[in-house]
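Chains as they are written, first to last, in UniProt numbering: chain X, 1 to 211; chain Y, 1 to 211; chain C, 1 to 211; chain W, 1 to 211.
Honestly, I wouldn't trust all of these hints.
A pair holds if it fits inside one copy or across any two, identical chains being indistinguishable in the list.
As the list claims (entries may be wrong) - Calculated lysine to aspartate or glutamate pairs in the EDC-like style (CA-CA distance at most 20 Å, straight line):
(1) Lys67 to Glu187
(2) Lys33 to Asp161
(3) Lys57 to Glu84
(4) Lys57 to Glu47
(5) Lys67 to Glu43
No lab work stands behind these hints: they were computed from the structure.
As a plain string of letters, each chain reads:
There are 4 protein chains.
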Amino acid sequence: MSLAAPHPPHDGPTRGRPRSEAVERAIIEGTMKLLEDGVPLSELSIERIARTAGVGKATIYRRWRDKEELFVDVLRTAEPPDPELPGTSLRDDLVVLLETLRRRGQADRTSAILHNVRAQMKSSPKIWAAYDSTVIAPRRRAGLDVLRRAQRDGELRADTDVELLYDILVGPMLMRAVLRRTADLPEGLAEQIVDTLLEGLRPVSPPTAPH
Amino acid sequence: MSLAAPHPPHDGPTRGRPRSEAVERAIIEGTMKLLEDGVPLSELSIERIARTAGVGKATIYRRWRDKEELFVDVLRTAEPPDPELPGTSLRDDLVVLLETLRRRGQADRTSAILHNVRAQMKSSPKIWAAYDSTVIAPRRRAGLDVLRRAQRDGELRADTDVELLYDILVGPMLMRAVLRRTADLPEGLAEQIVDTLLEGLRPVSPPTAPH
Amino acid sequence: MSLAAPHPPHDGPTRGRPRSEAVERAIIEGTMKLLEDGVPLSELSIERIARTAGVGKATIYRRWRDKEELFVDVLRTAEPPDPELPGTSLRDDLVVLLETLRRRGQADRTSAILHNVRAQMKSSPKIWAAYDSTVIAPRRRAGLDVLRRAQRDGELRADTDVELLYDILVGPMLMRAVLRRTADLPEGLAEQIVDTLLEGLRPVSPPTAPH
Amino acid sequence: MSLAAPHPPHDGPTRGRPRSEAVERAIIEGTMKLLEDGVPLSELSIERIARTAGVGKATIYRRWRDKEELFVDVLRTAEPPDPELPGTSLRDDLVVLLETLRRRGQADRTSAILHNVRAQMKSSPKIWAAYDSTVIAPRRRAGLDVLRRAQRDGELRADTDVELLYDILVGPMLMRAVLRRTADLPEGLAEQIVDTLLEGLRPVSPPTAPH
DNA sequence: TCCTAATCGAGACGGTACGTCAGGTCTTCTT
DNA sequence: AAGAAGACCTGACGTACCGTCTCGATTAGGA
């Protein structure tokens, strides 16, 4: 993913010393290292990040307006890639989508970081908007596509509110991962949710064709 | 509700001048006023709260270890009271529970405050734990009670995982309120969710008796 | 010496619980103990004095308006008593006066305290005035009396400016003790000064009679 | 005089933005302005100095460890320059030296400041040491030189203790200026002291040559 | 023997200043 | 020009005292 700098260098022809990509990486990876080392979010000052990355403060401010904008890029870099969908059936697709979500809430090395940073970002509206539009919304759109296609193919009743259905599918996972910080969601949870929910939503007549 | 001071005054008999409850109220209400006036959470310094409440900084630190602990009490004071359940049927109880949750996520005067403060609190583990154990957990327990009683009364299939069901019920509401900050959840949403979900969970034989 | 309270208890007949003299002593001696233990003057807060003396702050403020007024009384209590003058000759009296002054500037247990406190008091005009009028001025008056009597008795030339002479006698002792903190003024210094100075001040004709 | 910063900026080659001399001046002159305006020493907080000078507190702490160290520099800047000695005779030199001292104790605009600050400094040993070694001691050395030269030239008896003589000369001036805050020492005082003291110290044989 | 009133230790109260730290901006020299 | 370094102003941090003010508990007279 491109680390498009929020502060573009300049428009005209390239003048002066070009910005070093190595510096860019050093800053982001330095931040992640600090987070992995258990430094609480509240102690993550720009000053400390600059020290860790061996970089001047101005070099950071030249690229990101403030701490939060930097965090969006740190998150973008750390997020695991979105999964390939099998496409064999609505159930299979949904299970894969939810299973990905489940793993994201787990307590592996980087997820704990993501979890914390995401939680803090929600209190900063404009940054949340940026993260939402570049990370959350696309993922949601993909999920809705799966449901709509299933509806078109007759795997889902025509009168189903797919937006609500999506939230009902995804909500409990979030409920458990984000809010209750259980951090060890059981393995079969994704299938359990999907199976529980798809029960009453199947059309009476069998689907015309699997997609 | 009692504002149990995180820094207890002393153990033995009451010695010295007792702490003023009026001051306690002034601090909490001053904080709420600032939040209502749209002051962003990041600009809510102890210094400013003290100024607003007409109170010395030490007077605040005497009661709360830090900003987050103060917020827990602000929240406790501001939270609307939990609803009375009609008890006429499982569906009615659930609709009331979810409707309350929906309204809590709305953009009325105080809810916006709660929303923001709660979001920030999640990045502070120990404070979240305190809020969770005194506010969130009791509410969850009440919800689970409703489901278990319905199961005992035959309104719900015996093999239903009530914990999962609760998360499935509550999750979408949270999904929309907390994460997507829609802030205007439609009126009928609670009924819609309940009706959608209860479909496949009714026992085959009719319930022995409504509770 | 009476520790006349700057805040007199009341005018009328003695009503209510009388002030405890034990408390008065505890405060002054507690302050002296702190000073002896080497606590720098700048760290001598009323709060700490109260803690040390096992006394409420108000109990101190009831007696002294502020720290400086308290120090005046501490000094008055600690000052060594003024010496008896032999009266055998001008030279003998002066040597005793100056010798006393020399010892006051020495580094024995309490003198270091007096030295420090006196130095600080000079930066607080009204307190200095109080100390000056009750301690310094009487001592000076005694010194001038010695000189005037000697002048009357013919031991000193009639045209001598006794005030200036007193300052010339006392000045070097101060110069060395207060300013240069030598703290070990040589034993014979008093005699040396007196002998050096009295040289040119003797009247041509011998004194009519020793007093 | 160079305002050597007590907190040296760095060792190696000049890196980063250099410290602003204008800021240095603003701080010192702001402090002097406050003192001239009659602000008591006890109300001279770093906070207030920073406000007056239009400067951040950290900018002050970057240069001086504490209030007292700052005062040393304020004094150094405010002290009137040491006088040129006429060199025509011992008496003339001494009169000039003492006359300078007398004027320093006077109540002109800045002298009151110096007086107060000096008085307070004496209660802070290490700061006094700094002031003593950079201001007081050199002045004393110059005075002793005058006496020793006079002794070599036969203007003074060979057995005179010049150190004691210096203290005897300077002491009364200090006695009056510092201790008794008379603040209006009479014009002829310097000559009066010198003439009174030199009386008995002249050698029997006339000096070989004026220096 | 009660009553009144000032005292006592304790500590809360509104403030002010402390010395530190971080946020962003700006200047300097080096690359 | 970009970069590292670090000075700069601003303002919050949490602590310590200031001098005042309640508390409950004494400790004396005077009724």
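Here is how each hint holds up against the structure:
1. Lys67 to Glu187: neither (35 Å within a copy, 38 Å between copies)
2. Lys33 to Asp161: For Lys33 and Asp161, neither the intra-copy (43 Å) nor the inter-copy (40 Å) Cα distance is at most 20 Å.
3. Lys57 to Glu84: Classified as neither; 40 Å inside a copy, 53 Å across copies.
4. Lys57 to Glu47: Close inside one copy (6 Å) and across copies (18 Å); limit 20 Å.
5. Lys67 to Glu43: Both: 12 Å inside a chain and 15 Å across chains, each within 20 Å.
The structure fails hints 1, 2, 3 (numbered hints given earlier, in ascending order).
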